[in-house]
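Take these sequences, add in the hints, and give me the full structure.
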Amino acid sequence: MIALNNSKTWTLSNYLLALVLLIPVLVMLFGGLTASTQLFLHLWQSVLPRYLENTILLGFFVVLLAVFFGVISAAIITQTNILCKSLLRWLLLLPLAMPAYLIAYLYTDLFDYAGPVQRTLRDWFGWQSPNDYWFFDLRTLSGAALMLALVLFPYVYMLVRGAFEQQDQNLIKASRLLGLTAKQSFLRVALPLARPAIGISASLVLMETLADFATVQYFSVNTLTTAIYDTWLGYGDLGAANALASVLMLLVLFVVLAEQKSRKGVRHQSSRPSINKTVIVLTASQQFFASVFCWGLVAAGFLVPLVMLIIMVVDYSSVNQFSLLVSTGINSLKVSVIAATITVFIALSFGFYQRFHANKFRHLPLRISGFGYAIPGTVLAMAMLSTLGPVDHWLNDIASYAGLTSPGLILSGSLFAIIFALVVRFLAIANGTVVNGINLIPHSLDYAPASLGVSFKGSLIKVHIPLLTKTIFVAWLLVFVEAMKELPVVLLLRPFNFETLSSQVYQLISDEMLEQGALGAILIVIFGLLPIVLLNKSK
Amino acid sequence: MFKRLLTLSLTSLLLMTSDSAYAAEEVNVYSYRQPFLVEPLFNKFTELTNIKVNVVFAKKGMAERLAREGKYSPADILLTTDISRLVELRDKDLVQAVNSTILDSAIPTQYHAQDNTWFALTTRVRNIYSAKRLGKINLNYEDLAEEKYKGRICSRSGKHPYNVALVASMISEHGEAYTLDWLEKVKANLARKPQGSDRGQVQAIHQKLCDISLGNSYYFGKMLKDDKQKVWADEVYINFPNQDNRGAHINISGVAMAKYAPNTKNAKALMEFLVSEPAQLLYAETNMEYPVVKGVPVSTMVASWGDFKADGLSLEKIAKNRKAALTLLDKAQFDL
Chain A
0 MIALNNSKTW
10 TLSNYLLALV
20 LLIPVLVMLF
30 GGLTASTQLF
40 LHLWQSVLPR
50 YLENTILLGF
60 FVVLLAVFFG
70 VISAAIITQT
80 NILCKSLLRW
90 LLLLPLAMPA
100 YLIAYLYTDL
110 FDYAGPVQRT
120 LRDWFGWQSP
130 NDYWFFDLRT
140 LSGAALMLAL
150 VLFPYVYMLV
160 RGAFEQQDQN
170 LIKASRLLGL
180 TAKQSFLRVA
190 LPLARPAIGI
200 SASLVLMETL
210 ADFATVQYFS
220 VNTLTTAIYD
230 TWLGYGDLGA
240 ANALASVLML
250 LVLFVVLAEQ
260 KSRKGVRHQS
270 SRPSINKTVI
280 VLTASQQFFA
290 SVFCWGLVAA
300 GFLVPLVMLI
310 IMVVDYSSVN
320 QFSLLVSTGI
330 NSLKVSVIAA
340 TITVFIALSF
350 GFYQRFHANK
360 FRHLPLRISG
370 FGYAIPGTVL
380 AMAMLSTLGP
390 VDHWLNDIAS
400 YAGLTSPGLI
410 LSGSLFAIIF
420 ALVVRFLAIA
430 NGTVVNGINL
440 IPHSLDYAPA
450 SLGVSFKGSL
460 IKVHIPLLTK
470 TIFVAWLLVF
480 VEAMKELPVV
490 LLLRPFNFET
500 LSSQVYQLIS
510 DEMLEQGALG
520 AILIVIFGLL
530 PIVLLNKSK
Chain B
0 MFKRLLTLSL
10 TSLLLMTSDS
20 AYAAEEVNVY
30 SYRQPFLVEP
40 LFNKFTELTN
50 IKVNVVFAKK
60 GMAERLAREG
70 KYSPADILLT
80 TDISRLVELR
90 DKDLVQAVNS
100 TILDSAIPTQ
110 YHAQDNTWFA
120 LTTRVRNIYS
130 AKRLGKINLN
140 YEDLAEEKYK
150 GRICSRSGKH
160 PYNVALVASM
170 ISEHGEAYTL
180 DWLEKVKANL
190 ARKPQGSDRG
200 QVQAIHQKLC
210 DISLGNSYYF
220 GKMLKDDKQK
230 VWADEVYINF
240 PNQDNRGAHI
250 NISGVAMAKY
260 APNTKNAKAL
270 MEFLVSEPAQ
280 LLYAETNMEY
290 PVVKGVPVST
300 MVASWGDFKA
310 DGLSLEKIAK
320 NRKAALTLLD
330 KAQFDL
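If you read the protein sequences in the order shown, they are chains A and B.
Under numbering that gives the first Met the number 0, the residue at position 212 of the first sequence is numbered 211, and the numbers go up by one with no gaps.
Under numbering that gives the first Met the number 0, the residue at position 192 of the second sequence is numbered 191, and the numbers go up by one with no gaps.
Don't take each hint at face value.
Residues from chain A shown here face chain B by an in silico Cβ test under 10 Å; the list is partial [claimed, not checked]:
{"no.": "1", "residue": "VAL46"}
{"no.": "2", "residue": "PRO115"}
{"no.": "3", "residue": "PRO129"}
{"no.": "4", "residue": "ARG138"}
{"no.": "5", "residue": "SER141"}
{"no.": "6", "residue": "LEU232"}
{"no.": "7", "residue": "TYR315"}
{"no.": "8", "residue": "ASN358"}
{"no.": "9", "residue": "MET381"}
{"no.": "10", "residue": "LEU384"}
{"no.": "11", "residue": "LEU387"}
{"no.": "12", "residue": "GLY388"}
{"no.": "13", "residue": "ALA401"}
{"no.": "14", "residue": "GLY402"}
{"no.": "15", "residue": "SER405"}
{"no.": "16", "residue": "PHE495"}
Calculated lysine-lysine pairs in the DSS-like style (CA-CA distance at most 27 Å, straight line) [to be verified]:
{"no.": "17", "chain 1": "B", "residue 1": "LYS51", "chain 2": "A", "residue 2": "LYS333"}
{"no.": "18", "chain 1": "B", "residue 1": "LYS207", "chain 2": "B", "residue 2": "LYS131"}
{"no.": "19", "chain 1": "A", "residue 1": "LYS333", "chain 2": "B", "residue 2": "LYS59"}
{"no.": "20", "chain 1": "B", "residue 1": "LYS308", "chain 2": "B", "residue 2": "LYS131"}
{"no.": "21", "chain 1": "B", "residue 1": "LYS58", "chain 2": "A", "residue 2": "LYS333"}
{"no.": "22", "chain 1": "B", "residue 1": "LYS58", "chain 2": "B", "residue 2": "LYS184"}
{"no.": "23", "chain 1": "B", "residue 1": "LYS186", "chain 2": "B", "residue 2": "LYS135"}
{"no.": "24", "chain 1": "A", "residue 1": "LYS469", "chain 2": "A", "residue 2": "LYS333"}
{"no.": "25", "chain 1": "B", "residue 1": "LYS135", "chain 2": "B", "residue 2": "LYS224"}
Bear in mind the hints are in silico, worked out from the structure with no lab data behind them.
All of these numbers come straight from a predicted model, not from anything done at the bench.
Think of the CB as a built atom: it goes at the ideal place given N, C-alpha and C, for glycine as much as any other residue.
What follows is the structure, given as structure tokens:
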């Protein structure tokens, strides 16, 4: 392939940027080297093996469920004539707006012994005590996996649906001409072509799962994240916590690299997407099951929890909370918009660099900048303080040396720290989406503008970025929604008198005051919905 | 692309850092205590002194944050629950001694550090809640290990600071070997894996999942005042354990001054305000804790639970046994 740009400044700036984003990760890894072996030994002999087992099982089940939900719903929406297709097409994205810990709390309320479901059953069948009947317990590992999968599957759905829709229809047509039925051609051509999208979204789901703290804590499923919290906050050993976090990160890295390796050489370009798409016509019973599947996902991942929240708000509404919610809502918006915008810019820069530069290691900035996603929010927040703290001290020392008034902790004590952390944490999402989008642009379009005398910059602005508008929007949206929901980073890094919706809601519901947090929770969901609705309208 | 990125990041940097403004008369608080409780206190303080109170509410990681901020930390006052957290702040050299005759005379000696690095503001009891269906019973913490309670006890995570402090006090009383054995037996008696909050355990008793749970005293009052939770609390008795021997385990909420507090004068004023009668009354009324200052009445509801004998064990000793307690909880696999 011919490289279109060999600028050294471009290389330098991208590498520099990637390095800056990698610093917190490095701080964590080096911090791990100071771990006390004695504590490690104690943990290994008592609880760590169980925690590891739980972590691996949880990751496995969530990915399995999310891929199952996501791929099947994407296939139904793109390949069949299911009823209300255009409605379901975007309704299936809505669970993305629900924080996992929120639906965990809500479903526990619903299915608990004292919850409405079991109460009704007891009334019907005249049962008296828990010993009279069996009812599933949601607060288990499989329950946690289900909760996480219900809100994470839209990642898979979104990326896989995109892959299906952008596939070269000639390949599908050729397969049909060669005698495959619509179903066979889907299974043998379309599905394998969507492999990269499935792989990328599955690794996103895995990383989200491993970073989750609130859900597993509420369900008391002890995972590696629990162990990290314990060693750091219980035993007060940041070194050991960093070491455990490094183990967690390497685990994720291993999975991600294995996934990348397994689809090496798979090209998935398309120059003629969605022309005269053929759809599989469903029979009445197939129509029924497909509808139940899709509507079930929408209901379980979004509608039921939303209705529960609305009922709580109606029951417990109080007007004086509203003004507080507006100010925290604005805080949340501010942080999320800034973080999403910066993240997408960086992802584009790295994405274009790997596409166009001749440098042998042009993939490197993309790769290494994605590591942050594998770090749980709390650990990242700690790394942020360890990183920005010294810089702040240095600035203050210089100021006092120069006789100026000390500026205070302008980096680690301000929104800068939160936004930096959010960018580090969610860049992997934007990277994945943007690279996927860039890869879908045929290489012929890279060379065509150049052969017509358009400058490299001009071709980016006139050809590639317009082609990527949708991709950019999707990437921005994903980061925005994640940033709205992000909890530990905000909890640990917020400056004075600063609350976001998620921190406020979490504080209320973790004190068993879910009802009072319901209005705030609805706002998180609504803010999360806005971009999804906008995205749908823009098409 | 890069230039635009740079401009963008610089603009946003300005936007982000503009929040950390410094006004004339103010005091900065890092608080583990919740907004509903401390906001009325701070409002009252501002009303009296005209000093503005800035707060960061935190759930965890306060000591780590302070350590990393070092001498440029904006924090003046640290508000928290649990003695171990206060002692941890001192052991990590994050706080300074405050010499105040007001604090010294208001707070009984066992409830502030000898070197004046921490001060208790309220006390709370680790009670045993028992289902009314069992009738009135008289329990010691030790009894929770008895065979007859198999499958009848509920607990929140063993590693919650309130439980860790209780285990630490058991170590002080009986030594590590006994305490590990006790933990293993209590673990075997649990009706379900440790989960939820202190209130969640009372809910479980209401649901007949278990008969006995551990919980802090003020949660009982809070449940009684909540429309939804009142039915849970109505189902249980609040018991003060170990009344025939050492007394019930006591923990505290307290305050300390940050080592590098930029506003020491205002910080001291706030600390002194927190032991004044109006502030202590607010603690007693809004959160149903026991005021640390002698003579300030508890709320009528708390008074109705009756007097009790408190364990005289030194709080510093409890804090010292914290790590040992955590290790035993892991060994007993209490939360698994």
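Hint by hint, here is what the structure shows:
The interface hint given for VAL46 of chain A is met, as the beta carbon of that residue sits about 5 Å from the closest beta carbon of chain B, less than 10 Å. The beta carbon of PRO115 of chain A comes no nearer than 13 Å to any beta carbon in chain B, farther than 10 Å, and the hint placing it at the interface is violated. Nearest Cβ of chain B to the Cβ of PRO129 of chain A: about 6 Å, under the 10 Å cut. The hint holds. For ARG138 of chain A, the interface hint holds, the least distance from its beta-carbon to any beta-carbon of chain B being 6 Å, beneath 10 Å.
About 14 Å separates the beta-carbon of SER141 of chain A from the nearest beta-carbon of chain B, more than 10 Å, and the hint is not met. About 5 Å separates the beta-carbon of LEU232 of chain A from the nearest beta-carbon of chain B, less than 10 Å, and the hint is met. Satisfaction of the interface hint for TYR315 of chain A is found here, the shortest Cβ-Cβ separation to chain B being roughly 9 Å, below the 10 Å cut-off. Taking 10 Å as the C-beta contact cut-off toward chain B, the hint placing ASN358 of chain A at the interface is violated, the least distance being around 15 Å.
A least Cβ separation of about 6 Å between MET381 of chain A and chain B falls short of the 10 Å threshold, and the interface hint therefore holds. The criterion of a C-beta within 10 Å of any C-beta in chain B is met by LEU384 of chain A, whose closest approach is roughly 4 Å, and the hint holds. Annotation: interface hint on LEU387 of chain A holds; nearest CB of chain B at approximately 9 Å, less than 10 Å. Against a cut-off of 10 Å between C-beta atoms, the interface hint on GLY388 of chain A holds, since the closest Cβ of chain B lies about 4 Å away.
Interface restraint check: ALA401 of chain A against chain B, minimum CB-CB distance 16 Å, threshold 10 Å, status violated. With a least beta-carbon distance of about 17 Å to chain B, the hint placing GLY402 of chain A at the interface is violated under the 10 Å criterion. Residue-level restraint check for SER405 of chain A holds (minimum Cβ-Cβ distance to chain B is 7 Å; threshold 10 Å). Checking PHE495 of chain A against chain B: minimum C-beta separation of about 4 Å stays under 10 Å; hint holds.
A hinted pair counts as satisfied when its Cα atoms are at most 27 Å apart, and LYS51 of chain B with LYS333 of chain A qualifies at roughly 25 Å. For a cut-off of 27 Å, the pair hint linking LYS207 of chain B to LYS131 of chain B stands: about 11 Å separates their Cα positions. Taking the CA atoms of LYS333 of chain A and LYS59 of chain B, the gap is about 24 Å. The hint holds against a cut of 27 Å. Note on LYS308 of chain B and LYS131 of chain B: the hinted pairing holds, with a Cα-Cα distance of about 22 Å set against a maximum of 27 Å.
Pair hint LYS58 of chain B plus LYS333 of chain A holds up; C-alpha atoms about 23 Å apart against a cutoff of 27 Å. Restraint check for LYS58 of chain B and LYS184 of chain B: not satisfied, since their Cα atoms lie roughly 31 Å apart, outside the 27 Å limit. As the CA atoms of LYS186 of chain B and LYS135 of chain B are separated by approximately 24 Å, the hinted pair is consistent with the 27 Å bound. At roughly 23 Å between alpha-carbon atoms, LYS469 of chain A and LYS333 of chain A fall within 27 Å of each other, so this suggested pair holds.
At most 27 Å may separate the alpha-carbon atoms for a hinted pair to count; LYS135 of chain B and LYS224 of chain B meet this at roughly 23 Å.
Hint compliance for this structure: hints 2, 5, 8, 13, 14, 22 are not met, and every other hint is.
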